[in-house]
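One line per chain: the protein sequences are U and L, in this order.
Taken in order, the first sequence gives residues 11 to 111; the numbers are from this note's numbering.
Taken in order, the second sequence gives residues 1230 to 1426; the numbers are from this note's numbering.
Hints are supplied without guarantee of correctness; some may be wrong.
[Claimed, not checked] Coverage of chain U stretches by chain L, computed from C-beta distances (three or more under 8 Å per stretch; other residues unrestricted):
#1 16-22
#2 38-46
#3 50-62
#4 68-76
#5 82-96
[As the list claims (entries may be wrong)] Short derived list, chain L residues pointing at chain U, Cβ under 8 Å:
#6 S1257
#7 M1313
#8 L1367
#9 I1368
It should be emphasised that the hints constitute simulated quantities derived from the structure, not laboratory data.
The C-beta atom is built at its ideal place from N, Cα and C for all residues, glycine as well.
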Amino acid sequence: MTPLTIGFMTVLGLLGIALYGLLITRDLIKVVIALQLLVKAAVLALVLAGRAAGQLALSQSLAATVIVADTMVAVVGLALAIQIQRRFGSLDVSTISTLRG
Amino acid sequence: MIALFLVLGLTGIACAYRAIAGRHILSSAIYLACVSAVLAMMLYLLGTPQVAVIELSVGAGLVTVLLVWAISMTGDDALDARPMLPRPLAAAAVLLTAVLLFGMAASVLARDIIAEAAPLSHMLWAARRLDVWVQIILIFAGVLGVLGLLAEAERPAKAPQLAETSGRAPVEIPPVTAASLTADEPEGQVAGKEVRP
C-alpha cells in the first residue's frame, strides 16, 4: 500500500461523505460545509495526481488557485445565507423557495 | 510513514463524517477545521509544504472564523433531521460515484513517482501568472460582493424614512401572481385599482 493509494482512498471517502451531505442536508450553512469538504477532496486529488505525474509544482499552483476560489465561494455563500435568514427567517432550503407552480 | 498516512486518512474521514452527521452547526464547523488540519498534514507529507500552509491558514483558520461568524448571525439551532432525499437513494448515488471514480483511477494507483522539488514561486509567477491575477480579481470581487450583500440589511430601514419625509403615504404594490397576469382587467383599472389618465 503506497501513500498514493491511501491518499486516493481518503479522497474517495471525503468525496462520498460530502456528496451524501449535499444530497440530504436541509440547512444552507451545512450545504456550504459540504461544499468545503468536496473541494478539500479535490485539492488532495490534485496534489496526488501531480505526485503521480511527476509535476508537483504545477499541481501545487492549481491547488492554491482552487483553495482561493473555494474560499471566495464560501464567503459569498455565507453572506447569502445570512441575507436569506434575515428575509425568510429560516435556513431550511425547502421552506425558502418562493416558486409556485 | 505509511502508518502515519493511514492514521491521518482515517482521522480525516471520521472528522468529515462528524461534520456532516452532526446535529449542531457549530460542531460541524469545528470538525471541518479538523479535516483541514489533517489535510494540511497529509499535504505536507506528500511534499507540498506551501499548499499545506495555505490549506491550514485558509481552511482551518479563515473559513472556520467565517463559519462561526455566520452561525452567530443566524443562530446555532439544532438541525432538522429530515433528509431532502431518501437516505438509501443518496447512499446509492454516492456508492455509484465512488465505484466509477475508483475504476477510472485504478490504473494510476500502482505507481508512486516522487518528482524533483520544483520551486512553487517560479511556477506561480512565470508559468501560471494568469491564475495569480484571476485569484487577485476573485478576492476583490468576493469582498465587494459580500459588502454589497451585507449592506442590503440597511436599505429596508431607510424606505419608511423616505415616506415620512416626503409627506405621502407609501404606495402599496399588490403581489404579482399567475391569476393576476392572466385575468382580464376592466378598462381603466390596473391590478384591481382605478387608474385615472
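Taking the hints in turn, this is what the structure says about them:
1. Against chain L, the segment 16-22 of chain U contributes 6 residues with a C-beta closer than 8 Å to a partner C-beta. That satisfies the three-residue criterion, and the hint holds.
2. For a cut-off of 8 Å, the count of residues in the segment 38-46 of chain U with a CB near a CB of chain L stands at 6, and the three-residue condition holds.
3. Residues of the segment 50-62 of chain U lying with their CB closer than 8 Å to a CB of chain L number 9, which satisfies the three-residue condition for coverage.
4. With 8 residues having a Cβ less than 8 Å from any Cβ of chain L, the segment 68-76 of chain U passes the three-residue criterion, so the hint holds.
5. A stretch counts as covered by a chain when three or more of its residues have a beta carbon under 8 Å from one of that chain; for the segment 82-96 of chain U and chain L the count is 12, and the coverage holds.
6. The interface hint given for S1257 (chain L) is met, as the beta carbon of that residue sits about 5 Å from the closest beta carbon of chain U, less than 8 Å.
7. Taken as an interface hint, M1313 (chain L) checks out: its beta carbon lies about 6 Å from the nearest beta carbon of chain U, inside 8 Å.
8. Taken as an interface hint, L1367 (chain L) checks out: its beta carbon lies about 5 Å from the nearest beta carbon of chain U, inside 8 Å.
9. Interface hint status for I1368 (chain L): upheld, as the beta-carbon distance to the closest one in chain U is roughly 7 Å, under 8 Å.
Checked against the numbered hints given earlier, the structure satisfies every one of them.
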